[in-house]
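Trainee: Protein sequence lines correspond, in order, to chains A and B. Numbering-wise, the first sequence is residues 739 to 968 according to our numbering. Numbering-wise, the second sequence is residues 739 to 968 according to our numbering.
It should be emphasised that the hints constitute simulated quantities derived from the structure, not laboratory data. Note that the coordinates shown come from a computational prediction; the quantities given were computed from them, not determined experimentally. Accuracy of the hints is not assured; some may be wrong.
You can't tell identical chains apart in this list, so a pair holds if it fits in one copy or across any two.
[Unchecked claim] Restricting the straight-line Cα-Cα distance to at most 20 Å, the calculated cross-link-like pairs of lysine to aspartate or glutamate (EDC-like) are:
hint, residue 1, residue 2
1, LYS922, GLU817
2, LYS938, GLU802
3, LYS844, GLU824
4, LYS922, GLU858
5, LYS938, ASP779
6, LYS922, GLU802
Single-letter residue listing:
Number of protein chains: 2
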Amino acid sequence: MPKTLSIQTKNPGNTPELIAASLRTAILQGRLESNQPLRQDQIAELFGVSKIPVREAMVQLRAEGLIEFAPNRGFVVSELSPAEVEEIYVMRMALETKALERAIPKLRSADLIRAASVLEISETEEDRSQWGELNWEFHSTLYQAAEWPRLLNTIRVLHNNVGRYLLIYLGGLSARDASQAEHKKILQACQKRDVDRAVKILQQHLSRASRRLVVFLCDQGDHTIKGVKS
Amino acid sequence: MPKTLSIQTKNPGNTPELIAASLRTAILQGRLESNQPLRQDQIAELFGVSKIPVREAMVQLRAEGLIEFAPNRGFVVSELSPAEVEEIYVMRMALETKALERAIPKLRSADLIRAASVLEISETEEDRSQWGELNWEFHSTLYQAAEWPRLLNTIRVLHNNVGRYLLIYLGGLSARDASQAEHKKILQACQKRDVDRAVKILQQHLSRASRRLVVFLCDQGDHTIKGVKS
DNA sequence: TAAAGTATAATCGTATACGATAATTGTCAA
DNA sequence: TTGACAATTATCGTATACGATTATACTTTA
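Throw the hints in and build the complete structure from the sequences for me.
Mentor: Listed below in structure tokens is the structure:
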């Protein structure tokens, strides 16, 4: 369990939502590891609330696939098998290409500027825990122009699911530089309104990330099958 | 509010799940209409439980997009605008073609027989509230062979979201016959392991349903913008 | 009458409490 | 020592209760 997840002062939103957001970030940043049990009492105390809003937050996170549930045993942080990572990338490819296709003709210069500045910030960002967030910022800045909010949200959920693992694998600087270079190419194609080229690079970008991630997870010492150590 | 949603005898599963399943079915079958508020006390009493498992069920259904939530105002059954229906069909097309592509080479004869028998049953099924379920049975029988459970689940959620509306529009017998004919063609292509043809027909099937549904919703007396009558 | 304000009722949100279930530890016999 | 069983502890699941919020009905006043 991390030292502290978040301490709220008042209640400026709704409580289960705030708790879900805090836990979500902790999982994405790798501060909560796979298979780690989430104790309701403990988390409730951490946030200074009872178990009830905590459980609602967890039902939400379970629906997003970030945690798993077993009756009377509680919730644990999900672990993805290489096969599941592949599956998620198949879905991302199918959905993100649709989003990008529709977004490109609708991109405003403000969107392009924003995407470019996110890339710049990424260059100098030292804090690894922020990389996943910046990565999402870049992609979502482009996709949101499609004005398909449900699609964007589904993509976000899928992105979050691989987020933790992406973080580990981007740890290698060469992988990160390659990823950055691909982002720049995608942005250039967007600026030229070259849909086919942008989509093609995006596909390469995702399938490369998928392959690297799968290799990483397979090499990764533990040959784990869905949380059951062999 | 319908007469009865479901009366449980014991607790053979976990309670919020059972409640969610029951409400989900009620929404899919059109027994709970769009914008109808879901009163926690009332539903709790209906199931003979307190509000707490009811709220958890609702958080789950909200995550699936079937109901919406406003703090201190509670939950209401979602209403889809024509634009949202289109969006969902774009997503379905992107995802279902991937599922079908991968499934076809892996389809076992048992799967094909099952799909065929679902179509047969559909022919004779009088009860309209079952059509959505049978429709899903047919599609999911084909898709599950892909062995991508997350993808299948996401498709199911999307299917559920348009389920109610589909039900209304399939009310017209000609539309239903057309849909059945397309299903048969898809199945034939699957039997011949003709991936390209099957995918092509599936795309037509979905885009036709989408167009018809959008037209239907636009004609549909009420020119409603996200629940706010104009 | 209509707008504004107030009182009442309906509903929500969750802290507390407690029985139910699972995990852990301790005990005993083989 | 080790396996089976019992006792203990930890944790879960939710019914109850109650304050907080919102909706509705009822005044009051201009």
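Trainee: For this structure, which hints from the list above don't hold up?
Mentor: 1, 2, 5 and 6
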